[in-house]
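Since each chain comes alone in its own frame, lean on the hints to assemble the complex.
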Amino acid sequence: MNFVWGFLLIPLLAICVLPFLSMKGKAIAVYAVISSIAILTGTLAFQGLAGQNFALELPGSLISGSIELRVDALSAWFILIIDFTFLTGGFYGLFYMKAYADQPTNLTLHSILFILLHASLVSLCAIQNSIAFLVAWEIMALSAFLCVIFEHEKVATIRAGINFLIQSHISILFLMLGFIWVASQTGSYDFSAIHSYSMTHPGALSLMLFLFFFIGFAIKAGFVPFHTWLPYAHPAAPAPISGIMSGVLIKIGIFGILRMLLLIDLDYTVVGIVILILSIISGVYGVMLAILQHNLKRLLAYHSIENIGIIGIGIGLGCIGLGTNHPVLCSLGFAGALLHTLNHSLFKSLLFFTAGNVYQATHTLDIEKLGGLVKKMPQTAILFLLASLAICGLPPFNGFISEFILYTGLFSWLQQTQITSLIGIIVTVSGLVLIGGLALICFTKAFGVVFLGNPRHVFHQEIKEVPFFQLLPLYFIAAFIVLIGMFPTVFLEMLIMPVQLFTGLHQLPFTSFRGNGLEVLASVSQAGWCLVALVLLLLGIRKLVLRKRNVTVLPTWNCGYTAPTAKIQYTASSFVKSYSKLFGMLFLIFKKEKEVEGIFPTVAHLETRPYDKIEKWLIDTPTTNLRVFLGRFRFVQNGRLQFYILYGILFIVSVISIPILYDTVKQFVEFLKEL
Amino acid sequence: MLSLLFILLAASFFTGIVVRTKSIASGRKGPGIFQPVKDVVRLFKKGAVYSETSSFVFRIAPTIYFSSVFVAMLIVPFGSSKGLISFNGDFIFFAYVLALGKFFSIIGALDTGSSFEGMGASREALFSMFAEPAFFILMGSLALMTGHTSFQEIFTTLHLGSSITYALGVLAASVFLMIAMIENSRMPIDDPKTHLELTMIHEVMILDNSGFDLGLILTAGYLKFALYGAIIFNLFSGSIAVGYAIPLFFAMQAFLAVVVGIIESFMARSRMNHNAQFIVVLSSVALLIFFGALMVSGKFI
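Protein sequences appear in the order of chains S and B.
If you number the first sequence the way the working numbering does, the last residue is 675 and the count never jumps.
If you number the second sequence the way the working numbering does, the last residue is 301 and the count never jumps.
Pulled out of the complex, with its shape left as it was, chain B reads as follows (with noise of 0.2 Å):
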């Protein structure tokens, strides 16, 4: 419950610092913190605009692609505070579910019949489907270090002791943050601020939603970055007690805003055909950490 609040209050600046960052980097003054949220609330009270050519799958695909974003909210949980699901294994859902709504973001692109948006469509699948293992290889290490397969145990009972730990813990952020620019389709990966519908990702699979479906596309987003710097939060906060864990909270999203803020500023994005080998990286560096897990528990003969 606590998690739930607490992502949701993130959210709402999380998008903004970005912004403000990466104007003050780039020597202007930027909007204040909160224009995101001011630009939702604006399309929600817009009305739509629909392609001829779409059908329902347009309509309700925004919906569920949101939905989607918010089940997988209420998983991640708050230091000891239980997520509102949580259970076992409940990493797997949470995957799973996100993945469901990317299904729904694509086939809603490839429903316009626009080129540009079966072309967005196209990288989105694959760059999300080559994502996924390392996910899966990290929350598979963290298990393996501590002994549970859901969340909140995982991340309670998440001791960082020795430098080795530490090094691990580092090294895990920095794959929750990279996965994080992937799912949200930043650099290097995609570039939000691109001019060029050929080189966008994400917004090139967006461009004929309006109003209300593009405010709650917009919002998925900003949960998504919340919701990734709340499990990155996890990772440190181990038992720390709720009075400490709350601003920490804060200040780590925020902190989290300002590093994704300067990469975007002083990193330029990639080739398109090199994003693979990146997101391929990013899964080593996965087994890098498994392999630490090994070393830590003592498993590595």
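This is chain S alone, in the form it adopts within the complex (with noise of 0.2 Å):
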């Protein structure tokens, strides 16, 4: 009980002070809230792990009955994601935001903001019934759209917050209907109501609610073809908020289907195969998009969608397992899906991070203008360069052990089925390593024109590495990187209360990873320590071979050119130019194009711009004619006094007469009857 209180008075204290302080003192304030929260939640968090469920029942109130708070192993996993990414974020946020300094009144509102995500976020991990849940995630749904919308001067911005607002209420409007379901069946707000509701209503009904709660959950996650706010939304927030909305907000929509995996009894084969096609769909349309972006965040928005596939895919698998009886496959596969919701949290937070550096030096997102960074920003390169390597999947990184637990998983599957599912496994490999093979080329493309090569803009600033404390906490997310690719079967320990949750749904034998096709993972890392070893010992020959010998530093072999230019570099168009041709089909690429023309040429210009095929046939087409049909009756308001005081009278009269004419209209048919 005194636990709630302090978790509830803190954030509440420190919102009432926080508009008094100094700068300074706001910055050591938020801090100091963020870090209890994470320190009060973290120790619960640890608990559930280790098997030691946090429960309270609060009394609540007359509508939403009594309220009940519960740690188990799958909150736990997310609260430790959540407040870590909150860790690190913030105290970068501490100096990213120090360029926002003349905005002291919008800067409090921010940090409140901030405060209020974090607890919101950490409190739906917990939140056993479904009341409170709205109100935490309407919360939390607030607290990042104003969060998004930091630098709202820029229209821009606006847009893009107004687009996530809009779509976070649809997501709300489909968990609503979902608990109203089953409120109005049983009669009990509590999330133990949903699972009773489904263990008595088995089949077609079951699934549909959770088709509801999918949907819901699915909008936050940004599965395709409900990804269209995040593309927005991340370029828009600066750079904390992009990678903690990245990190861990869409997260929780992730954590939301296996909560709702856990409360409804269902198909899960069914389920798991649904879930399973979206994702492979996701995973690769986010990533064949995100190669086509020119802003780096917005690349950077789209993966995200890629690697909620991935995540998709695992959980896919899970349910399979889950409905085939099938130990292994479901373990390794939910151990998959948990494992990337860490790892993806924290090298999409590292490359926002990044991203924020690479914006604060050079005001700009374009990476057609970017270039030759890595001289000036040495330290931001490399910290990009890991979490791109980690994000491709590459050993000896974080990335690789999540994507060989679920190859091991499918692997697994792979001896005992029949036909069907083995096409099935044929896809999602395929899946997997197109998605791997796109996402090589994305990052070749990101780090190498970003950061590589040549400047190809003239920055009137001074362009330089942010201050070391902005950066520490990025060497700790890349810390954590390497230490999970090193040592992944520390980590997979942590993931076998979990785990063990989803399997014990049908009593499937799981008590440890041993046995299981994953006591490979020591030699996966073992491998992957060679591989450094080899590297650094490489290293060091060459690094002896050279010193005895002459090496000269020369312009670069330009066939004989003399005069080149960081113009004729290749740019980021050009080095996915063959890539979008061959694909054109599946994208939108608006063109501007002016050509030579004339014996004496004058200016030429191309222009493109790459958009969802999916958002124009879901979002514009229908918005569009649902315009156009609203406008028919534009007529209505016309502007005239005369007009609005008939509709007032209208209104009134029809008030007064609908009852009346229903009654007699009721009378009437009675005496009808009784005739």
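Hints were generated in silico from the structure; no laboratory data involved.
All values derive from a computational prediction rather than experimental measurement.
A hint or two may mislead.
Stated by the list, open to error - Straight-line C-alpha distance at most 27 Å; calculated BS3-like pairs for lysine-lysine:
(1) S:Lys581 - S:Lys592
(2) S:Lys24 - S:Lys464
(3) S:Lys548 - S:Lys375
(4) S:Lys613 - S:Lys591
(5) B:Lys38 - S:Lys543
(6) S:Lys154 - S:Lys369
(7) B:Lys193 - B:Lys29
(8) B:Lys46 - S:Lys548
(9) S:Lys154 - S:Lys567
(10) S:Lys548 - B:Lys45
(11) S:Lys369 - S:Lys594
(12) S:Lys464 - S:Lys376
(13) S:Lys567 - S:Lys592
(14) S:Lys543 - B:Lys45
(15) S:Lys616 - S:Lys591
(16) S:Lys543 - S:Lys376
(17) S:Lys577 - B:Lys22
(18) B:Lys38 - S:Lys548
(19) B:Lys46 - S:Lys543
(20) S:Lys375 - S:Lys154
(21) S:Lys464 - S:Lys375
Stated by the list, open to error - To be clear about the criterion: a stretch of chain B counts as covered by chain S if any three or more of its residues have a C-beta under 8 Å from a C-beta of chain S, and this derived list gives those stretches:
(22) 53 to 63
(23) 104 to 113
All C-beta atoms in this analysis are idealised placements derived from N, C-alpha and C, irrespective of residue type, glycine included.
Given below as structure tokens:
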């Protein structure tokens, strides 16, 4: 009980005090609150992972009934991810936000919302009552919205923010419908009611209920085709917020899906197949569009969709394993999904934070204007490179580990199935491999164009590395990326309890990852060490050899051309030109072109803007149609006062007359019946 | 341990035989088969020239590229004797560690700021992306046929008994050979002997590398050939006794080198925009093998 009071009072107090503090005081206070929330919830979460569930029943209100708080292993895993990302992101934000010191009121609001966002996200993991859950969800959605529109003087930011606000409310709508459905049938808002409802109504009804929740949570998670808000919201937000959004905010959607899987008793095979198909599409589609993007943060946002796809593949495999009573597939699927959730939160927040560093130094995110930053910002470049390697799933980093777990699950499934599932396996494997290959194109492009080569644009300000303390949390994240890659078994131990929750649904035998095909992870990490050792050894030899030799520095070879400029470098667009030509029919690329004409050519230009086909079909076309339809009623709003008075009178008359009319009709009908 | 030794030995003459075959086919005498090794030794003795545009990435990229190929080599078994690294699912690690090397060779090329090298990098990234599914589908089918997921176990339990399995074995060998050609940027994807930068892929990526670094990159290329040669050998070796296997291994490597040389002599390089189609065809051949594997294991209903 004391704990809950502490959890509620600390942020509240801070929110009241924050406006009156100085700039420095604010920074310290915000970080103190974030860390105290993290310590409070983190200790509970560690206990939860060790198997001691924290549970507490609050009296609640008349409407909601008693509110149960419970931190089980699944909540604990997500709470730890949230806390870690907020601790690093908050620390990074303290320095990143210094650039906006001339907007004290805006910063105050931002820091209050930052605290609220953290508190609401953490509480979402623990609340077991639908009304309280929706309230926390709404606090989370609104505070995220306000955090996104920090730079609200920009039109694009406001537009992206409102897009996000509307879509997150569509998500809430679906969740609310699901919760109301259960409440109207069982009369209870407790999560256990969802479970009991699904037990008494198996089959299609439970599946429908799950689909409602799934759509609600999938919008937040960014599964294709519900992803369209992501590529707008992430670039618009300040870098710490983008990192946190991509790292944990969208993961709360994943958490929701997993929680509902635990609560609703389903035909898991069907659900698994649906999730698997959606996830493969999300993964491939996300990365395919990411390659085309010219805005660094937008590119990263599309990559979040891709990684949500990979996580989804894990969840789908886990569900299929559960449905077909295949303990290895089930445990590896869920373990892969959960580990990738952590991994993605690490490397994606690192990528967004380094992109923030680039933005701070150059004031642009257009990668066609960047280049050669590795010489000005070497530490940022190394961190970005590390995160890129991890996100491409290359050994010996953490992304490889989670993908390896998924592959192992898939290949274990291979041994005991029939042709339909075999085709499913081949499609999934090819999907995962394609995602990996495409991610490689995307991140060689991003890293190569932004950090390598010559600068493509002359900036008026001096470009320099950000201060050390701003880089400190980034090094911390990087250390975790390497640690998971090098010592995966340690982190896998922590996943046993959460995975047991899922295997326990069908009483599948699962106590540890040993004998599960995963003892090989030790060998995987040894192979990784082997690689690192070999690289270090060779670099040492190379240094020794070159020390005695003649090393000169000359211009790049240009086929004898002697006056090269930065303009002749390959650009991001030209790097992916052959790719975009090959897959052209899948994309929508707007092109503005003025060709070179005449004997004495004047200015020519070419501008391309990639666009999302799904967004066009699913969002743009329906909204334009709706607009056209509603436009037909515009004559009603004609601006004449007389008409508005008329509407008022009409309204009053109808309010009075309709019940009277109803009564008369009713009397008449009864009269007819008597006849 | 055996495989490491033999692959290193095979790598020393593989490219030499390819070059020799090509020269004989074109009516020249050609250099000795150990000339490539001598080239590399000469390069190791030289100093280095670096582009003034390049950064540390350019300097470490060849080393990491070489290490990735070397580690991949440690995974490949020799008959029933395991590679130094061997675990269930090691072929996943194999593919991904090679991809790590590719990542570095691509960003190393981009680091020079040269438009030629950018072009090569772009092509390399795209084509290698296409080749990956073929490898995974092929290994997946072999895993399905044998019930194992590590190179060594797959190859020792792979029994080529019936005529279907022989057909599959030949198909698989040809897919591996084509993957090796793509990985090494050879015909019909890329022509190592072309003189026009615009039509190169791999050669144009390493235009600015010199001395020790270039030596590492070339050695990695030789190793890659012998590596895939060893995989193809393993496909057929099954459980042959070591005494017979060793000469057979070298004969097979030499034979493959001659085949590569003949392919290169009598086949034209495809047009750049046809390469993607060619590589996708490879994936469909791999799918064919997969369905064949289904038939063999009796899972085709």
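Do the hints match the structure? See the list:
no.	hint	verdict
1	S:Lys581 - S:Lys592	holds, 17 Å
2	S:Lys24 - S:Lys464	holds, 24 Å
3	S:Lys548 - S:Lys375	holds, 26 Å
4	S:Lys613 - S:Lys591	holds, 15 Å
5	B:Lys38 - S:Lys543	holds, 22 Å
6	S:Lys154 - S:Lys369	holds, 21 Å
7	B:Lys193 - B:Lys29	holds, 17 Å
8	B:Lys46 - S:Lys548	holds, 10 Å
9	S:Lys154 - S:Lys567	violated, 30 Å
10	S:Lys548 - B:Lys45	holds, 10 Å
11	S:Lys369 - S:Lys594	holds, 21 Å
12	S:Lys464 - S:Lys376	holds, 6 Å
13	S:Lys567 - S:Lys592	holds, 20 Å
14	S:Lys543 - B:Lys45	holds, 13 Å
15	S:Lys616 - S:Lys591	holds, 16 Å
16	S:Lys543 - S:Lys376	holds, 24 Å
17	S:Lys577 - B:Lys22	violated, 34 Å
18	B:Lys38 - S:Lys548	holds, 21 Å
19	B:Lys46 - S:Lys543	holds, 13 Å
20	S:Lys375 - S:Lys154	violated, 31 Å
21	S:Lys464 - S:Lys375	holds, 9 Å
22	53 to 63	holds (count 7)
23	104 to 113	holds (count 6)
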